[in-house]
Structure formats: C-alpha cells, structure tokens
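Turn these sequences into a full structure, and let the hints steer you where they fit.
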Amino acid sequence: MANIRLIDLLPQPYYQDVYEMVLLMQIEQYQLDALQNAIDKAQNNFFAIVADEDGLKIFEQMLGIAGDDYLDLEARRYNVIARLLPPKPITLRGFNEIIKALNIDASISVKNFEAVVQTNTTDTQALKRLNSLMKSCLPANLTFQALNIVSSSTPAPTKHGTGALLATKVTSQRSVYAERG
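Each residue of the sequence shown is one higher than the one before, counting from 18 in the numbering used here.
In case anyone wonders, no lab produced these hints; they're calculated from the structure.
Since this is a predicted model, take the numbers as computed values, not measurements.
Among the hints, erroneous ones may be present.
Heads up, simulated DSSO-like pairs for lysine-lysine below, C-alpha to C-alpha not over 30 Å straight-line [unchecked claim]:
{"hint": "1", "residue 1": "K152", "residue 2": "K128"}
{"hint": "2", "residue 1": "K145", "residue 2": "K117"}
{"hint": "3", "residue 1": "K128", "residue 2": "K117"}
{"hint": "4", "residue 1": "K74", "residue 2": "K145"}
{"hint": "5", "residue 1": "K152", "residue 2": "K74"}
Shown next, in the form of structure tokens:
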C-alpha cells in the first residue's frame, strides 16, 4: 500500500502555521506507519511465496508438516509450496516446470509405465522434495526410478560414501601415460 503522510491530509491554509497540530501529526505518523507495516505483514502471510517465518509456521501447521528448525526459510517455503500443489496428475512439461520452480536440478523421461528421474545435486533437501513430489503427483500405475548422478575426478585414491546418493557408479580409468610410467 502507499505510505500515507498525515501532514499532507491537514487543511493547509488553516493549520499551516499551527505548531501543535504539525507536532501531533509527526508523533501520530509513527503509529500509522506501525499499523501499515502490520497490515502489509498480514497481507504477505496469506501467500506462501512471500510469507515470512511466522506465516510459514502457520502454513506448516495447517498442512501437517513437521517443524524442521534446522531448515532455512527457502527450504521451508519450498516444502509448503510442494504440499499445496494439486493432487491430480499433471503433464510432463508441467511437472518439469514445477521442478525448476522448486530449484531442483533434475530431468525426467517417461517410457511405457516408468518415469526415470536423473538428478545432479548434493542437496539432500532437494532430493526429499523431489521424492515427495513424485509420490504425490504421479499416477498410481506409473512407477519411478530416481538416479542422482554426481561426477567427480581426482588423481588420488578416493573414499566413497552414500549418505545422500540414490545411485552411484565408480569407475577406474587408467590413461596410456600412467601405464608407461
């Protein structure tokens, strides 16, 4: 909303030189500004995309999302938006748009009755959001397989962990120069 200045609402010719009235308008302006901020905050908290922490907490309570205190505000916002999506099946193009809007690096291909999802991320929260999204939006007769493909190259020995990976492939390639030396 536009900022309302009380001093501009006074009848100017009559109150222009009255010190008390000008002082009253300056003091009451703080109260009006605080009221305006409260109205703007309440208005923003009606929409998950612009809600602050208090607004997201209300959405989480309404949707039955467990409060994760360690998540940042954007991850909580994505969880709420993903839960607010319609439960009906959507097209593949629409599903890819939703995934991009939720900031998940993934590509989806469908063959027969199987959807193959390939991701390239180390963000475990993004993988959880994608898994929840797949379970809620895909039809019951369509199965899905999710592959998280993260590549790395190092000349030294490696140690592998599978904490955030859904699938992994480790290969050892020797170059022609390494065999000669």
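Quick rundown of the hints versus the structure:
1. With a CA separation close to 18 Å, the supplied pair K152 and K128 stays within the 30 Å bound.
2. Using a Cα cut-off of 30 Å, the hinted pair K145 and K117 holds, with the two alpha carbons roughly 15 Å apart.
3. Distance hint between K128 and K117 is fulfilled; the C-alpha atoms sit about 21 Å from each other, no more than 30 Å.
4. Of the supplied pair hints, the one linking K74 and K145 holds, its CA atoms being roughly 19 Å apart against a limit of 30 Å.
5. For the hint pairing K152 with K74, the CA-to-CA distance comes to about 24 Å; that is within 30 Å, so the pair holds.
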